[in-house]
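Q: Protein chains in written order, with my numbering: chain A, 1 to 113; chain B, 114 to 229.
Worth flagging that the hints you see were computed from the coordinates, not collected in a lab. These figures come from a predicted structure and were not determined experimentally. Heads up, some of the hints might be wrong.
Sample of chain A residues facing chain B (criterion: CB under 8 Å; computed from the structure) [as the list claims (entries may be wrong)]:
#1 ALA29
#2 TYR32
#3 ARG41
#4 GLY43
#5 LEU88
#6 ARG99
#7 LYS100
#8 LEU101
#9 TRP103
#10 GLY104
#11 GLY106
Note that beta-carbon positions come from the ideal geometry of N, C-alpha and C, so glycine has one too.
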Amino acid sequence: QKEVEQDPGPLSVPEGAIVSLNCTYSNSAFQYFMWYRQYSRKGPELLMYTYSSGNKEDGRFTAQVDKSSKYISLFIRDSQPSDSATYLCAMSAQTGNNRKLIWGLGTSLAVNP
Amino acid sequence: GAVVSQHPSWVICKSGTSVKIECRSLDFQATTMFWYRQFPKQSLMLMATSNEGSKATYEQGVEKDKFLINHASLTLSTLTVTSAHPEDSSFYICSARLWGGGSEAFFGQGTRLTVV
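With the sequences and hints as input, model every part of the structure.
A: Put into structure tokens, the structure is as follows:
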């Protein structure tokens with residue numbers, strides 16, 4: 001079993017839809033959770049960064065962490081064609097500068113105009 | 114947000130030659146940088162962790178003599194692919210953490226290497 005599971009999709013939605021992306025994980029020591037957006041042939045861009053459980057909102061994006069279920073989500077409201085990209089979740093457990101990020105496979109999202 | 118610049122964005126080289134990729138943190142100091150490799154439609158594969166002033170730590174299965182990493186300053190790390198072969202063709206991405214920052218990492222734009 002992989003440490004982080006993420007459905008690769010593809011996920012296709014109409015413009016304006018609410019998009020729900022999620023990852024599950026097995027390591028209960030994970031405390032730091034991130035969502036990245038990656039456009040084709042570009043490096044990942046950090047969207048959301050959360051620590052421990054709870055919600056965090058930034059514009060149209062909301063990140064949720066449920067540590068009891070080992071489940072994290074990213075919601076995109078009023079989705080736009082420009083949101084079409086691959087969304088990767090990442091998480092880490094260690095402290096210190098060498099702590100590694102454990103990555104999901106990424107979910108490919110297409111928002112259709 | 115913190116900016117990481119990676120250069121070149123794409124390179125084509127002949128088999129047997131070496132290629133150097135640079136990764137710079139433009140507006141912050143990064144004591145730790147990470148080098149990743151990414152195959153089409155796959156996630157990021159960590160190759161090595163680079164610490165300023167010390168030897169890089171390579172992941173299992175990554176040849177350290179083939180992928181030379183140098184992190185000589187707090188803002189620059191380089192990856193040199195030595196004696197490149199077609200199977201080394203891939204998308205290479207660096208990332209950096211702010212010194213004293215949290216777990217989030219900031220990424221360069223990536224380098225697409227094609228070995229012919």
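Q: Each hint should be assessed against the structure and marked as holding or not.
A: Cross-check of the supplied hints:
1. ALA29: violated (13 Å)
2. TYR32: Holds: closest Cβ of chain B sits about 4 Å from TYR32(A), inside 8 Å.
3. ARG41: holds (7 Å)
4. GLY43: holds (4 Å)
5. LEU88: holds (6 Å)
6. ARG99: holds (6 Å)
7. LYS100: holds (6 Å)
8. LEU101: holds (6 Å)
9. TRP103: Nearest chain B Cβ about 5 Å off; hint holds.
10. GLY104: holds (7 Å)
11. GLY106: Since chain B brings a Cβ to about 5 Å from GLY106(A), closer than 8 Å, the hint holds.
In the structure shown, a violation is registered for the earlier hint numbered 1 alone.
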